[in-house]
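One letter stands for each residue in the lines below.
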Amino acid sequence: MGRDGIAGLVCLATSLGLFAATIGLPEASLLVPIGPGFYPRIVLGITVLLSAILIVTDFAGRARRPAITAGVPANYRLVLITFSIIGIYIALLPSLGFRIATFAFVSVLQVALEPPRNRNNWLRVLIVAVVTTLITYLVFERYLSVLLPRGRWTDF
Amino acid sequence: MYELLLSGIANILQVQYLLPLLLGTFIGVIGGALPGVTIAMTVIVVLPFTFGLDPLQGLAAMTGVYVGGSAGGLITACLLGIPGTPSAIATTFDGFPMARKGEPGRAMWLGIWSSFFGGMLGGVFLIAATGPLAAIALEFGPWEFFALFVFALSMVAGLTGSSITKGLLSGALGLVVTIMGNDPVMGAPRLSLGIGFLEGGINFLPVLIGVFAFAQIMSDIEKMGPARPGQAAGPVPTLTVSHLKVIGEIIARPFLLLWTSFIGVLIGVLPAIGGSAASMLAYDQAKKFSRQPERFGTGAPEGIIASESSNNANVGGSLVTIMAFGIPGDIVTAVMLGAMTIHGIQSGPLFISQQPKLAYGIFAAYIVAHFLMVVIIALSARYMLRLTTVPKSVLIPIVLVLCVVGAYALNNTMANVYVLLVFGIIGYALVKFGFPLAPLILGVILGDQIEINLIRSIMTDSDPWLFLTRPISGGLIALSVASVIFALWQHRRYRKRSPQSDDDHADF
Amino acid sequence: MKKIITTAAAVALLASASAFAAAYPDRPVKVIVPWAAGGDTDNIFRPFAPALQNHLGQTVVIANVGGASGTKGAKEAKDAPPDGYTLYVPHEYIHSTYYTGVADVQYSDFEPICMIASTPSVLTASPKTPWKDAKELIADAKARPGQITVGATLASTSHFFPALIEKAAGIKFKYVSYEGLAPRMNAILGGHTDLTDSNLTQKGKVDAGQLKFLAIATEKRHPEMPTVPTLKELGINVVYDVNRGLMAPKGTPDAVLAKLESSCAQAVKEPAFAAAMKLQGTAVRYLDRKAYAAWLKQTDDENRNISKDLGLLKR
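Residue numbers (the numbering used here), protein chains in the order written: chain A, 1 to 156; chain B, 1 to 508; chain C, 1 to 315.
Derived by calculation from the structure, the hints in this document are not laboratory data. Hints are not guaranteed to be accurate.
Unchecked claim - Taking CB as the label site, the calculated pair distances span:
1. C:Q298 / A:L9: 57 to 67 Å
2. B:R382 / A:G87: 38 to 48 Å
3. C:G251 / A:S95: 21 to 31 Å
4. A:S95 / B:L5: 49 to 59 Å
Unchecked claim - Quick list of in silico lysine to aspartate or glutamate cross-link-like pairs, DMTMM-like style, CA-CA up to 25 Å:
5. C:K174 / B:E139
6. C:K167 / B:E199
7. C:K269 / C:E233
8. C:K314 / C:D140
9. C:K128 / B:E139
10. C:K135 / C:D42
11. C:K314 / B:E199
12. C:K172 / A:E27
13. C:K205 / B:D448
14. C:K250 / B:E199
15. C:K172 / B:D463
16. C:K308 / A:E27
17. C:K128 / B:D448
18. C:K132 / C:D207
19. C:K132 / B:E139
20. C:K205 / B:E139
21. C:K174 / B:E103
22. C:K232 / C:E219
23. C:K269 / C:D104
24. C:K172 / B:E222
25. C:K290 / C:E270
26. C:K135 / C:D241
27. C:K128 / B:E199
28. B:K432 / B:E139
29. C:K308 / C:D241
30. B:K432 / B:E199
31. C:K314 / C:D300
32. C:K232 / C:E302
33. B:K357 / C:D42
34. C:K203 / C:E233
35. C:K142 / B:D463
36. C:K142 / C:D309
37. C:K314 / A:E27
Since the structure is predicted, the reported quantities are computational estimates derived from the model, not experimental observations. C-beta atoms are modelled at their ideal positions from N, C-alpha and C, and glycine is treated no differently.
With the sequences and hints as input, model every part of the structure.
The following block contains the structure:
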């Protein structure tokens, strides 16, 4: 199965699952002639239809489609690492507080994206992390009255 | 009207508004000039800063980013041959050859002054057309709005990306996002999957930031090697040039300037096609109308004028649709719409009459930003080139932090940050599977409106045929069908020409 | 190690808790307005915020949390920590949405602080309608029951007010969901709905011929608009106004409530606030904690009865 087929199946499964979830919804009332499930069912019907078309055309087009030629190999490992770092950052943000978590995040992500090779590189990583954290904190908290999360564990 | 405009300009020239506008324009120029950082990304980064400002300050800053970004792209396009933003791609075709022939100053300033004039022509349209279009929009009942939003969505889904099915599916998935959470009329809980914060529905801004920013950033990260030195900028060439001569060169081609600006405005008014399409189309038109089309690509001034005047005029056009109809023309205006919602301002037909100070403030900011843009580029073009050497490993973490802050600050809850992350992953996956993102985002933005207008229509009159028999509504629905058919036809023709059609880039 | 962190955290928490009790407020106070800005509630509380700020000694920020007939903001306010840093602005909708089953939040989930303003409702018609006055409307409504459209936020005040007229005059309207005043105005200016509930803030549009005021729901004619008859004069016994106040989540300390109450009492006396309310077609109506609590109790019963009379009662 090709790329489109997989995507189509995922969309189809999601749509059908959500469609099933609309079944228990209240029906039309005296006041509103269409119930809360009416429009969602139309939308999900459309996604079901389009996903099915995608799957069918994927199967139908397989013979014709030439093999995808790989260009520069994409660095998926780094993408995965980046997503993980962001995930951990977001998970820890309410516990560590904005300042600590952000400092750690900016440092770690820089190191992950481009490992420092000498002292100057390391210094740059730290400076960027400190400056980013301080400036965002000061600007938002002090001047823009946007309250950033405080740490539950650290109260900082 | 002109009194309102003049007082708007006087208003915007006060320090409290001029400063955010100036900063916005400056950041826009930088963001525009940095290859890989699009205007949309820049405006996303600026968004959280506007939460604490008053509405006009925030919108002025965003207008500045928009105008500055549309011009900033030409600096790197002309001098390095790398388009700073997608809308400057067509500028590289002739800008870079001209610069290499020893006229970098002429290339860059042709671009800047074309941006300026194109933008001003777009501004004339913006100011003249918003009011009348809003008056037309006032005549729109729920049927017409329903049809209009469906039309906007069908057009975007049809015209972006290589697969029409995927485009439409992407738009429909955007609508799915909006059906989660309480129903809009009686608040009955619906499809919240047992997750508490989903009950209130999903806010479109974290979705937009997540889908768009993550897809873009992750596509950049894919291309990063474990150790790749940042590219070194060559010596900065001399940029001095006679401005009068350059302006003369542009004014001497009034038809070209008017026509390409018109194309820019038109593409801007149509939802979500975007500046890059405008400049490519304008470039193509300039070539077709030229008596010496073979000169294009070798440093023809017409090429630069066409590309740059159209992409700035495009900004004016996009602002019209958002102010008159509340439909964002692209990501930048979508973010502006979000900023307005945060400040609780309703865009749409009554916006200009109920918020004249704000509306004319935006017009004024748009005009003033063009002057600021010229001054900023004149003073800082040489330093901008140095900035392009800032490594991605530094830029990416900073942008991500601002995305998180932006999502959090929407209403000071982590819920929106989780939405950001989830949709970041979904957005990246969609790009990897070859789905265009623009329809998804437009679907998320318009979904609520499509539903509520559908319900209002049926509540007003239970006859479903009214959608087709009311002239404007019927016409718009016919146009929606036509745009899908046109896209199918175009796609078929395109596939006949080139059997291979796999492209993986995030496109908006 | 873990123990140290927990202890440190506990100490820090206690320290911050006691510091906060000593000097409320020591950081900005957020007021949740459960509708979009530019609506009536927002227009009333925007000028109130600086007045309150003057007497509270801290910045007061308005946060518009609109959606789902105002219940999204109510839910958010209910779930906020009861520390006096998140306040909430209700009006009668809190009762009506509860009894009609739209919301799970009710007035008793909050501590009343004070009532500040009262806005009389005005029955308003689109310029594209043929009626010159309310009498013609009622005659027309009797002739074609269930065909005259009313733009309203369902189960909220803009729905209950016309519903009371329906009942008193023995007529029947058709309701169309338009949440918030701005979309309602949009629809009525374009003639997409016939009637709506509005208030004296729309006077400018009436003078410009874009809207028609048919009748006002006050006891006596309003001095700002003496040409508009009251519903009572027309033989329809309906008096209706929308009253807005300030509340805090249940469990907010008494000292904090007292501080807020006294600041509120002073804030409503500011001339700038009074002037702003006059522009809003609204009367300053101050009730202290006790009086507001009693008023809420009484209004809650009334709304329960109205919901029942209209056949909308779900609880």
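Here is how each hint holds up against the structure:
| no. | hint | verdict |
| --- | --- | --- |
| 1 | C:Q298 / A:L9: 57 to 67 Å | holds (59 Å) |
| 2 | B:R382 / A:G87: 38 to 48 Å | holds (41 Å) |
| 3 | C:G251 / A:S95: 21 to 31 Å | holds (24 Å) |
| 4 | A:S95 / B:L5: 49 to 59 Å | holds (51 Å) |
| 5 | C:K174 / B:E139 | holds (21 Å) |
| 6 | C:K167 / B:E199 | violated (34 Å) |
| 7 | C:K269 / C:E233 | violated (33 Å) |
| 8 | C:K314 / C:D140 | violated (32 Å) |
| 9 | C:K128 / B:E139 | holds (12 Å) |
| 10 | C:K135 / C:D42 | violated (33 Å) |
| 11 | C:K314 / B:E199 | holds (20 Å) |
| 12 | C:K172 / A:E27 | holds (23 Å) |
| 13 | C:K205 / B:D448 | violated (29 Å) |
| 14 | C:K250 / B:E199 | holds (22 Å) |
| 15 | C:K172 / B:D463 | holds (20 Å) |
| 16 | C:K308 / A:E27 | holds (21 Å) |
| 17 | C:K128 / B:D448 | violated (28 Å) |
| 18 | C:K132 / C:D207 | holds (15 Å) |
| 19 | C:K132 / B:E139 | holds (22 Å) |
| 20 | C:K205 / B:E139 | holds (17 Å) |
| 21 | C:K174 / B:E103 | violated (70 Å) |
| 22 | C:K232 / C:E219 | holds (7 Å) |
| 23 | C:K269 / C:D104 | violated (34 Å) |
| 24 | C:K172 / B:E222 | violated (64 Å) |
| 25 | C:K290 / C:E270 | holds (22 Å) |
| 26 | C:K135 / C:D241 | holds (21 Å) |
| 27 | C:K128 / B:E199 | violated (39 Å) |
| 28 | B:K432 / B:E139 | violated (43 Å) |
| 29 | C:K308 / C:D241 | holds (20 Å) |
| 30 | B:K432 / B:E199 | violated (30 Å) |
| 31 | C:K314 / C:D300 | holds (14 Å) |
| 32 | C:K232 / C:E302 | holds (19 Å) |
| 33 | B:K357 / C:D42 | holds (18 Å) |
| 34 | C:K203 / C:E233 | holds (21 Å) |
| 35 | C:K142 / B:D463 | holds (23 Å) |
| 36 | C:K142 / C:D309 | holds (20 Å) |
| 37 | C:K314 / A:E27 | holds (15 Å) |
Violation of the numbered hints given earlier is confined to hints 6, 7, 8, 10, 13, 17, 21, 23, 24, 27, 28 and 30; the remaining hints are satisfied by the structure.
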